[in-house]
Amino acid sequence: SQQGEEDPQALSIQEGENATMNCSYKTSINNLQWYRQNSGRGLVHLILIRSNEREKHSGRLRVTLDTSKKSSSLLITASRAADTASYFCASSYSGAGSYQLTFGKGTKLSVIP
Amino acid sequence: DSGVTQTPKHLITATGQRVTLRCSPRSGDLSVYWYQQSLDQGLQFLIQYYNGEERAKGNILERFSAQQFPDLHSELNLSSLELGDSALYFCASSVAAGAYYNEQFFGPGTRLTVL
Chain S
1 SQQGEEDPQA LSIQEGENAT MNCSYKTSIN NLQWYRQNSG RGLVHLILIR
51 SNEREKHSGR LRVTLDTSKK SSSLLITASR AADTASYFCA SSYSGAGSYQ
101 LTFGKGTKLS VIP
Chain W
114 DSGVTQTPKH LITATGQRVT LRCSPRSGDL SVYWYQQSLD QGLQFLIQYY
164 NGEERAKGNI LERFSAQQFP DLHSELNLSS LELGDSALYF CASSVAAGAY
214 YNEQFFGPGT RLTVL
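Taken in order, these protein sequences are the chains called S and W.
Counting in the numbering used here, the first sequence runs from 1 upward without gaps.
Counting in the numbering used here, the second sequence runs from 114 upward without gaps.
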């Protein structure tokens, strides 16, 4: 079953506004990764946050991780039309010896110019 | 460009047929993962290879198999295809089999359509 669940499923904002997406997961993790996917295309790696980190920044992206609540959030500041895409969180959990990613269903972000 | 390549980009075939999808990982990456993305199941992990050996299996059907060759490229074989196998198939690669901060980089995917 999908371990990560994103919230909201869809988000529509005006260009220049901030977009916040949330993700929950169910088991212990080693790290959590966020990806962007433009319609039907490949997954672009955005950022990785380790289980011992609480916050990480990359350009206009800010990711937080709360392991006590098993949740993460992705904030995109000053959004642009080019940010329109689906965003997925993917958790890499310990214990399986493989570190495969378990994906949520994604948040579809629409940025209106 | 992630550095991971996949061929072909598109594949259209009939039910009952067999196809092979190919993936070349980023230079230096030893680990290859295969994922399937479908409308109803979302993104699901299928199988992982590390330096030529199978490391983990996920929701992979018995009709599907994979291998990783000495040059580290990987192939995913899908046989006795059914309509429900239509999906986007992604390959991802990472440096190691598992690490605390092991980022996975995805290829552009192969879109399989089974008619």
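The hints are simulated quantities; they were obtained by calculation from the structure and are not laboratory data.
Check before you lean on any hint, since a few could be wrong.
[Said to hold, decoys possible] A few chain S residues facing chain W, derived, Cβ under 10 Å:
| # | residue |
| --- | --- |
| 1 | Asn31 |
| 2 | Tyr35 |
| 3 | Gly42 |
| 4 | Leu43 |
| 5 | Val44 |
| 6 | His45 |
| 7 | Leu48 |
| 8 | Leu61 |
| 9 | Thr84 |
| 10 | Phe88 |
| 11 | Ala90 |
| 12 | Ser92 |
| 13 | Tyr99 |
| 14 | Gln100 |
| 15 | Gly104 |
| 16 | Lys108 |
Cβ coordinates follow ideal geometry from the N, Cα and C atoms, glycine included.
Going through the hints against the structure:
Taking 10 Å as the C-beta cut-off, the interface hint given for Asn31 (chain S) holds, the closest approach to chain W being about 6 Å. Taken as an interface hint, Tyr35 (chain S) checks out: its beta carbon lies about 7 Å from the nearest beta carbon of chain W, inside 10 Å. Because the smallest distance between the Cβ of Gly42 (chain S) and any Cβ of chain W comes to about 4 Å, under 10 Å, the interface hint for this residue holds. Of the supplied interface hints, the one on Leu43 (chain S) holds, with its beta-carbon coming within about 4 Å of a beta-carbon of chain W, less than 10 Å.
For the restraint placing Val44 (chain S) at the interface with chain W, the shortest Cβ-Cβ distance is roughly 7 Å, inside the 10 Å limit, so the hint holds. Taken as an interface hint, His45 (chain S) checks out: its beta carbon lies about 6 Å from the nearest beta carbon of chain W, inside 10 Å. Nearest Cβ of chain W to the Cβ of Leu48 (chain S): about 5 Å, under the 10 Å cut. The hint holds. The closest approach between the C-beta of Leu61 (chain S) and any C-beta of chain W is roughly 15 Å, which is over the 10 Å cut-off, so the hint fails.
A distance limit of 10 Å between C-beta atoms decides the matter here; for Thr84 (chain S) the minimum to chain W is near 19 Å, and the interface restraint is violated. With a cut of 10 Å, the hint placing Phe88 (chain S) at the interface with chain W holds, because the nearest CB-to-CB distance is about 7 Å. Contact between Ala90 (chain S) and chain W, as hinted, is supported at the beta carbon level, the nearest pair being about 8 Å apart and thus within 10 Å. Residue-level restraint check for Ser92 (chain S) holds (minimum Cβ-Cβ distance to chain W is 7 Å; threshold 10 Å).
Hint status for Tyr99 (chain S): holds, given a least beta-carbon distance of 4 Å to chain W, under 10 Å. For Gln100 (chain S), the interface hint holds, the least distance from its beta-carbon to any beta-carbon of chain W being 4 Å, beneath 10 Å. Interface restraint check for Gly104 (chain S): the shortest CB-CB distance to chain W comes to about 8 Å, inside 10 Å, so the restraint holds. Hint on Lys108 (chain S) is violated. Least Cβ distance to chain W is approximately 13 Å, over the 10 Å limit.
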